[in-house]
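*Asks:* The residues making up each chain are set out below.
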Amino acid sequence: MHRKVAAFILAWLLTSSAASPNVWGQESQPTFASTSLCGDAYLLALAPHHIKALSWQSRGPLSLANANEKTLPQAWDDAERLIELAPDIVLFGPGEGYKTQAILEAAGIQTVRLEWAEDYDDYGHNIDLILDSAGVEMKDTPIGMSSSLFTLHSEDTPRPKILYLSRSGGSAGADTYIDVLINHVGGDNIWTASGSNKQSWFTPDAEELAVIKPDFIITSFMSDGFESAQAKTITGGVHRQLLDTTPSVDVPGAFLSCMSPQFTDAMILVDEAVVKWRAAQ
Amino acid sequence: MESGAMKLLILIAVTLIIALASLFIGSANIAPVAAIKALFGHGEEAHVLILQQLRLPRTLLGLAIGAGLGASGAALQGYSRNPLADPGVLGFSACAALGAVAALYFGLRAYVPIFALIGAGLGAGVLVALVGQRKRASVLILAGVGLGALATAVTGLIMNFAPNPWALSEIVYWMMGSLREAGPAALLYCLPLTALGLLALFITAPDLRTLALGEDTAQSLGVSLPRLQILLVIGVALCVGSGVAVAGAIGFVGLFIPHILRALIGPDPARLVPYSALAGAGFLVLADMATRAISSNGATLYLGILTSLIGVPFFLWLATRKMSS
Amino acid sequence: MSALAFTALTAGYSGKTVITKLDGEAQGGEFIALLGPNGCGKSTLLKSLAGILASSGHITSNETNVRSISAVKRARHISYLAQQRDMVWPLSVRDVIALGRAPYRGPLGKISAEGQAKIEAVIHRLGLSEFAERSILELSGGEAARALLARALVVDAPLLLADEPFASLDPAAQIQMTEILKAESQNGKTVIAAMHDLALAQHYADQIWLMKDGAFIAKGSPAEVLTDDNLVRAFGIHPPKGGFTLPRIAKA
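Chains as they are written, first to last, in the numbering used here: chain A, 540 to 820; chain B, 9 to 333; chain C, 453 to 704.
Isolated chain A, as found in the complex (with noise of 0.2 angstroms):
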């Protein structure tokens, strides 16, 4: 536990520090190609000099490159692509890659693939896959815990009812990274505390979303990503009426695309809210 935990923390004092030294010494072997969201936002936080091409994704809104890993070049799961960027290791998104895989192991280039992760331990489990791959070892880098960097909650600390709801009226019940993001922030999500017991990714019927009360609305994807017909949060009445209503807070879309180290920087800006959410109560 405290291993995974504790490459959450490095991971998240990586992508923090505004030049982020060369994890693996001073050359920038092994190169990484990632062909995913999910693998830029790991590899821009764990080896961003180590980065020869980002996915197909990389300049668009959910991005987390600056404006310098934005020129660099576009990677996708396509084996020519691939093998004509010639990195070391390509890092595949959850479910890419199985089939241009052999050709590209052929070619003498090592694959990765990233799980989706729910909660810590697949977290974990998909930095000791890029780690590996690159030959490192965890003992070898410094762990700092720091505890002050989230509020501590007691027993007496009142927990709010918390919805998360995306642009398109998307939400997510237990077994989802965004339950352990409500659950840290000292919160209970709103699907398992009025007993309807949803799990999962899912989007809720909108008058099931008129009966709930939620205390607290983290929302994600509002004005990132591209524009749909399907974004009741702007159009739909009891949507619109649950956001004017509730307190909320919004996280940017990129840090919640998948479970990635930024995931931390999402912790961070939902605690804040919330702690004055308490405050106000």
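Heads up, some of the hints might be wrong.
What the hints assert, rightly or not - Between beta-carbon pairs, the in silico distance windows are:
#1 N37/B <-> R586/C: 53 to 61 angstroms
#2 A573/C <-> M14/B: 26 to 34 angstroms
#3 D475/C <-> L138/B: 31 to 39 angstroms
#4 G12/B <-> E572/C: 17 to 25 angstroms
#5 R577/C <-> I18/B: 52 to 60 angstroms
#6 M14/B <-> E572/C: 19 to 27 angstroms
#7 L165/B <-> D627/A: 34 to 42 angstroms
#8 G734/A <-> M14/B: 33 to 41 angstroms
#9 V524/C <-> V22/B: 18 to 26 angstroms
As the list claims (entries may be wrong) - Mimicking SDA-like on lysine to any residue, the simulated pairs with C-alpha atoms at most 25 angstroms apart in a straight line are:
#10 K700/A <-> E52/B
#11 K562/C <-> I273/B
#12 K468/C <-> A39/B
#13 K525/C <-> P234/B
#14 K562/C <-> D276/B
#15 K609/A <-> L19/B
#16 K700/A <-> E53/B
#17 K562/C <-> L19/B
#18 K562/C <-> F210/B
#19 K525/C <-> P214/B
#20 K525/C <-> K468/C
#21 K752/A <-> V56/B
#22 K752/A <-> A193/B
#23 K562/C <-> S232/B
#24 K15/B <-> A457/C
#25 K15/B <-> S564/C
#26 K737/A <-> P214/B
#27 K562/C <-> Q237/B
#28 K609/A <-> D276/B
#29 K737/A <-> E53/B
Read the hints as simulated data drawn from the structure, not as lab findings. We treat Cβ as the ideally placed atom computed from N, Cα and C, and that holds for glycine.
Following the hints, complete the assembly by docking chains B and C onto the known chain A.
*Replies:* Quick look at chains B and C alone, frame taken from chain A:
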């Protein structure tokens, strides 16, 4: 009371009953009496919200869009003298969807209805001008199917340029249609635009009757073909454009509603336009109720899927019947 | 004052001119047969006169310039019976005939009592009473042709232009229909009918207009027009000795 007026009254009554029943269906269990009270603002706050913000707009929009599709189908069939004509079959719905998606791509969310109208109008204008009645009936249908396929392809192309993991579900929504996204704001533009479109189509109705004799004879009887074409295109563009802007492409309603009514009230092309509007309204709300009842555990049944499931076998039956006669 | 007069009438389709500078005159009560080989411009002429096809030249009826009046007024004045007679909708015969009253319809599409009376009269006159409620799609070729003629007659226009009204009719039906047209002309209507049957033309027409390649090659009485020279020139046939004979309808 003569049988014609009786049939009209029955049709109106059935449509009203369907509309009322639609207010009672939804994933929240609300007793009918409580639902009626909530409609007028009394009772639990959540119930009032559901009735006023969700079920009522959805029902009204279903009525409007269904009326527009029904009337458009009847008018197009009357104009082309072809019982296979329908705004979906002829590609106008896909053209409207293309317009709407283009507006979204350029970030002009507020202009979605206008672009949808323009899309439907351009599609209708091109087809009506090119084909009309001069060629064999099958040519009109083929041209329409081609137009729809082209519009769908270009829509997919636009989606391609807006890379987003959710683009696929976006295409599905536009191509298959759903009243799920219909919010109360849509009422503001959909109802007036559909009303205007229906008016234009009602005006064309008597000329459509005369057109039963053929274009030449109708002209000799004083029908102005250019005027008829313009009114038809405007009417169809307004009805289909506003409908698609709200609910995506819903097909085949304009195909089988007039057909069913022909069996009930006779083949007079003029009467079929307003009757198809009424029956289309009732039918679409009924179909939407079915999708709501079936979709209760999170998986959406798209309204367009349901109308296609009903409409495509019907279309094939009608087409083969026509071809063998 | 002629019922119909046209000068320098020129018309065609999509760039191709079919008839060039035609002149003609018809009096009230005349039955004129319009003859000529396929493609000579008979349909084009009739459509131009009916106002369906754009044309240049002058067309007057009873001194009124036909081009200057509204489409509805012109519709009340000139009735047109098309060559294409395919109907798609299973309308009743009565409803089809009622379509002929379209130029007289009120704003809500209602037909006046006078109009209804005329519809009944023409149904009776053309022997369609037993078919009146049946779908026009169910009728035989001859019956349907009569129904569509009734539609053209109920317009009650002083001028009737008929484009090959006898096409695909059996001999008896052809004679019956020509007799109807003749009777109408004798009642004062001016009838111009394009046809192929030379015997019918010879026996019933007051005047024959013979066309070829978009121009008139002869106009006049049947005797004057149906000469050997003219028929050879127009159709490449010699008339039979003694003229064209008509069968007689057997008494039932």
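*Asks:* Evaluate each hint against the coordinates.
*Replies:* Hint check results:
{"no.": "1", "hint": "N37/B <-> R586/C: 53 to 61 angstroms", "verdict": "55 angstroms, holds"}
{"no.": "2", "hint": "A573/C <-> M14/B: 26 to 34 angstroms", "verdict": "30 angstroms, holds"}
{"no.": "3", "hint": "D475/C <-> L138/B: 31 to 39 angstroms", "verdict": "37 angstroms, holds"}
{"no.": "4", "hint": "G12/B <-> E572/C: 17 to 25 angstroms", "verdict": "20 angstroms, holds"}
{"no.": "5", "hint": "R577/C <-> I18/B: 52 to 60 angstroms", "verdict": "39 angstroms, violated"}
{"no.": "6", "hint": "M14/B <-> E572/C: 19 to 27 angstroms", "verdict": "25 angstroms, holds"}
{"no.": "7", "hint": "L165/B <-> D627/A: 34 to 42 angstroms", "verdict": "36 angstroms, holds"}
{"no.": "8", "hint": "G734/A <-> M14/B: 33 to 41 angstroms", "verdict": "52 angstroms, violated"}
{"no.": "9", "hint": "V524/C <-> V22/B: 18 to 26 angstroms", "verdict": "38 angstroms, violated"}
{"no.": "10", "hint": "K700/A <-> E52/B", "verdict": "21 angstroms, holds"}
{"no.": "11", "hint": "K562/C <-> I273/B", "verdict": "18 angstroms, holds"}
{"no.": "12", "hint": "K468/C <-> A39/B", "verdict": "72 angstroms, violated"}
{"no.": "13", "hint": "K525/C <-> P234/B", "verdict": "18 angstroms, holds"}
{"no.": "14", "hint": "K562/C <-> D276/B", "verdict": "14 angstroms, holds"}
{"no.": "15", "hint": "K609/A <-> L19/B", "verdict": "62 angstroms, violated"}
{"no.": "16", "hint": "K700/A <-> E53/B", "verdict": "19 angstroms, holds"}
{"no.": "17", "hint": "K562/C <-> L19/B", "verdict": "22 angstroms, holds"}
{"no.": "18", "hint": "K562/C <-> F210/B", "verdict": "15 angstroms, holds"}
{"no.": "19", "hint": "K525/C <-> P214/B", "verdict": "17 angstroms, holds"}
{"no.": "20", "hint": "K525/C <-> K468/C", "verdict": "30 angstroms, violated"}
{"no.": "21", "hint": "K752/A <-> V56/B", "verdict": "15 angstroms, holds"}
{"no.": "22", "hint": "K752/A <-> A193/B", "verdict": "23 angstroms, holds"}
{"no.": "23", "hint": "K562/C <-> S232/B", "verdict": "19 angstroms, holds"}
{"no.": "24", "hint": "K15/B <-> A457/C", "verdict": "51 angstroms, violated"}
{"no.": "25", "hint": "K15/B <-> S564/C", "verdict": "24 angstroms, holds"}
{"no.": "26", "hint": "K737/A <-> P214/B", "verdict": "56 angstroms, violated"}
{"no.": "27", "hint": "K562/C <-> Q237/B", "verdict": "23 angstroms, holds"}
{"no.": "28", "hint": "K609/A <-> D276/B", "verdict": "65 angstroms, violated"}
{"no.": "29", "hint": "K737/A <-> E53/B", "verdict": "24 angstroms, holds"}
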